[in-house]
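Trainee: Start from the sequences and build out the full structure, keeping to the hints where you can.
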Amino acid sequence: SFMGYAVSAFLPTYFMETFEVSKTIAGRNLGLQSAIFGFLGLLFGGVFSDYLRKSYANGRLVVGMISVVLSPIFLILALHAETLFLFYVHHIIWSFVSTFWVGLCVATATDLALPRMRGMASAYFILMASVVGLALGPYTVGKVADIYISYGNSTAEALSLSMQTLSIVFLISLTLLFFAVKNLPSEEKSKFDRARELGEIC
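Going by the numbering used here, the first residue of the sequence shown is number 1, and it counts up by one from there.
Hints are supplied without guarantee of correctness; some may be wrong.
Unchecked claim - Heads up, simulated DMTMM-like pairs for lysine to aspartate or glutamate below, C-alpha to C-alpha not over 25 Å straight-line:
1) Lys182 x Asp111
2) Lys23 x Asp146
3) Lys191 x Glu20
4) Lys182 x Glu20
5) Lys182 x Asp193
Said to hold, decoys possible - Beta-carbon label-pair distances, calculated as ranges:
6) Ile25 x Val181: 39 to 47 Å
7) Thr165 x Asp193: 41 to 49 Å
8) Ala195 x Leu84: 53 to 61 Å
9) Leu136 x Phe192: 54 to 62 Å
10) Lys143 x Val89: 24 to 32 Å
11) Leu127 x Leu84: 35 to 43 Å
12) Asn153 x Leu114: 50 to 58 Å
13) Thr13 x Glu197: 47 to 55 Å
14) Thr13 x Leu112: 33 to 41 Å
15) Glu187 x Tyr151: 20 to 28 Å
16) Val89 x Glu17: 13 to 21 Å
17) Leu114 x Leu84: 46 to 54 Å
By construction, these hints were calculated from the structure, which means they are not laboratory data. Glycine residues also receive a C-beta, built at the ideal position from the N, C-alpha and C atoms.
Mentor: Structure, rendered in structure tokens:
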């Protein structure tokens, strides 16, 4: 969510300055691409992760890893695109793959909670995603871009460099997903036992 919100905030500005298009064209074209392919990516990620989950305890996390690996690749390709057509292609793919993780993360969180606590588990996850993503993502990208501007880069160059630099967070996500893959099966199997140890009746 960190990079998702940040890209949504600053990619239109980069797009307008790099390709010299109007705000109307940027808002219409990027908005439609993000809405349509983000929607399709979210649905695909949910369906595919549920399919893998049937035969593999970590199936959902595998889809999360796919999203984390592919998203920075197509974001960086979009930022290096030399033609409008290539930018659109890479942006569409980014919009699709960068939303795979949303549904499967909520599903994984609820799988680890008792039935009566699943609403709270989902709410806590969404709260953390919003705090980390919506609050820190655009702010951090903007601050890093200001640093690049102070070194003489144009606004478009600074935003591009900032988004590429902060794509390092995808490596953090991938590392945490590897830890989750290691622990998720045992955590799911033992959730009722752990709840009983804490005095829950289940």
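Trainee: Hint by hint, say whether it matches the structure.
Mentor: Hint check results:
For the hint linking Lys182 to Asp111, the alpha-carbon distance of about 16 Å falls within 25 Å, and the restraint holds. With a C-alpha separation of about 22 Å, the suggested pair Lys23 and Asp146 falls inside the 25 Å cut-off, and the hint holds. Of the supplied pair hints, the one linking Lys191 and Glu20 is violated, its CA atoms being roughly 55 Å apart against a limit of 25 Å. The suggested pairing of Lys182 with Glu20 is violated, with an alpha-carbon distance near 48 Å, which exceeds 25 Å.
The straight-line distance between the Cα atoms of Lys182 and Asp193 is roughly 19 Å, inside the 25 Å bound, and the hint therefore holds. A C-beta distance of roughly 42 Å is found between Ile25 and Val181, which places it inside the suggested range of 39 to 47 Å. Range check, Thr165 to Asp193: Cβ separation about 44 Å, and the 41 to 49 Å hint holds. Under the hint 53 to 61 Å, the C-beta atoms of Ala195 and Leu84, about 55 Å apart, fit the expected range.
With their beta carbons about 35 Å apart, Leu136 and Phe192 fall outside the hinted range of 54 to 62 Å. Range check, Lys143 to Val89: about 30 Å between beta-carbon atoms, so the 24 to 32 Å window is met. Hint check: Leu127 to Leu84, Cβ distance near 38 Å, so the stated range 35 to 43 Å holds. In this structure the supplied range 50 to 58 Å holds for Asn153 paired with Leu114, their Cβ-Cβ distance being about 51 Å.
Thr13 and Glu197 have their C-beta atoms about 52 Å apart, which keeps the hinted 47 to 55 Å range intact. About 39 Å separates the C-beta atoms of Thr13 and Leu112, a value consistent with the hinted range of 33 to 41 Å. The beta-carbon spacing between Glu187 and Tyr151, approximately 46 Å, falls outside the hinted interval of 20 to 28 Å. Our hint of 13 to 21 Å for Val89 and Glu17 holds, since their Cβ atoms are close to 20 Å apart.
Separated by about 51 Å at the C-beta atoms, Leu114 and Leu84 satisfy the suggested range of 46 to 54 Å.
Going down the numbered hints, you'll see the structure goes against 3, 4, 9 and 15, while the others check out.
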